[in-house]
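Please model the entire structure based on the sequences and the hints provided.
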Amino acid sequence: GAGVSQSPRYKVAKRGQDVALRCDPISGHVSLFWYQQALGQGPEFLTYFQNEAQLDKSGLPSDRFFAERPEGSVSTLKIQRTQQEDSAVYLCASKPPGTGNTIYFGEGSWLTVV
Amino acid sequence: AQSVTQPDIHITVSEGASLELRCNYSYGATPYLFWYVQSPGQGLQLLLKYFSGDTLVQGIKGFEAEFKRSQSSFNLRKPSVHWSDAAEYFCAVALRSSASKIIFGSGTRLSIRP
Chain B
1 GAGVSQSPRY
11 KVAKRGQDVA
21 LRCDPISGHV
31 SLFWYQQALG
41 QGPEFLTYFQ
51 NEAQLDKSGL
61 PSDRFFAERP
71 EGSVSTLKIQ
81 RTQQEDSAVY
91 LCASKPPGTG
101 NTIYFGEGSW
111 LTVV
Chain Y
1001 AQSVTQPDIH
1011 ITVSEGASLE
1021 LRCNYSYGAT
1031 PYLFWYVQSP
1041 GQGLQLLLKY
1051 FSGDTLVQGI
1061 KGFEAEFKRS
1071 QSSFNLRKPS
1081 VHWSDAAEYF
1091 CAVALRSSAS
1101 KIIFGSGTRL
1111 SIRP
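So the protein lines, in turn, are chains B and Y. Residues 1 to 114 in the numbering used here are what the first sequence spells out, letter by letter. Residues 1001 to 1114 in the numbering used here are what the second sequence spells out, letter by letter.
Mixed in with the good hints, there may be bad ones.
[What the hints assert, rightly or not] Example chain B residues on the side facing chain Y (calculated, C-beta under 10 Å, incomplete):
(1) V4
(2) L55
(3) S58
(4) F65
(5) K95
(6) T102
(7) Y104
(8) W110
(9) V113
Rather than coming from a laboratory, the hints here were simulated on the basis of the structure. Remember, it's a predicted structure, so these values are computed and weren't measured experimentally. Cβ coordinates follow ideal geometry from the N, Cα and C atoms, glycine included.
Printed below as a string of structure tokens:
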């Protein structure tokens, strides 16, 4: 596709459920990022992939959060045993090779935990 | 501590009036600097970026920003706002040593008075 595609766009999960959020980056983009944006806040960095390698996962808030990108293209962010504080928009972004290139964001996956 | 500060949570300006949104950063060295816009329910769109060179940067939609090293600032300006500019605006930085990670400010919500 032309842009970064995320699915599902909206997800309501019961507390304790596991969820999986998918990101399809722009074709040819080796770098992929996940951000969490709580209501009324700026996006917070979660994790970064270069191809299939997860080079930075310093922003993952707990061991309930796990991200993977096994073939260096599509990525999945998994949240286990969801809690109400996990309610947020999860943004995926991708970047072509080269320092300083523009990062392109998807429209996000809105997660509400009830 | 390293940080990006947007001191104005919410700004209202009249249509046709000029606009300036403030951004200050606190880092040891000059980072890469960005302004993003986010409309309700939409992803983040890059308005402009500063990497080096001319400190006055032109962006899309008639926006510009000026990097002032002495003030550690990167304020966003527009000479005449339109009702369609109503949105959330985020200042962001990326360390040159770790250009993969973009750190966002908390945002400024812009409302336009008819």
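**Item:** Interface hint status, B:Y104 versus chain Y (Cβ within 10 Å)
**Value:** Check passed: Cβ of B:Y104 comes within 8 Å of chain Y, closer than 10 Å.
**Item:** chain Y contact restraint on B:L55 - CB to CB distance below 10 Å
**Value:** holds (7 Å)
**Message:** Under 10 Å is the threshold here; is the Cβ of B:K95 close enough to any Cβ of chain Y for the hint to stand?
**Reply:** holds (8 Å)
**Interface hint for B:F65, Cβ within 10 Å of any Cβ on chain Y** = violated (16 Å)
**Message:** Hint B:W110 vs chain Y: min CB-CB distance below 10 Å?
**Reply:** Given a least distance of 9 Å, the restraint on B:W110 holds.
**Message:** B:V113 was flagged as interface toward chain Y. Is the shortest Cβ-Cβ separation under 10 Å?
**Reply:** violated (19 Å)
**Interface hint status, B:T102 versus chain Y (Cβ within 10 Å)** = holds (6 Å)
**Item:** Proposed interface contact between B:S58 and chain Y, which counts if any beta carbon pair is under 10 Å
**Value:** This interface hint holds because 8 Å falls under the 10 Å limit.
**Asked** Taking the least C-beta to C-beta distance, is B:V4 closer than 10 Å to chain Y?
**Response** holds (8 Å)
In this structure, the earlier hints numbered 4, 9 are contradicted, and the remaining ones agree with it.
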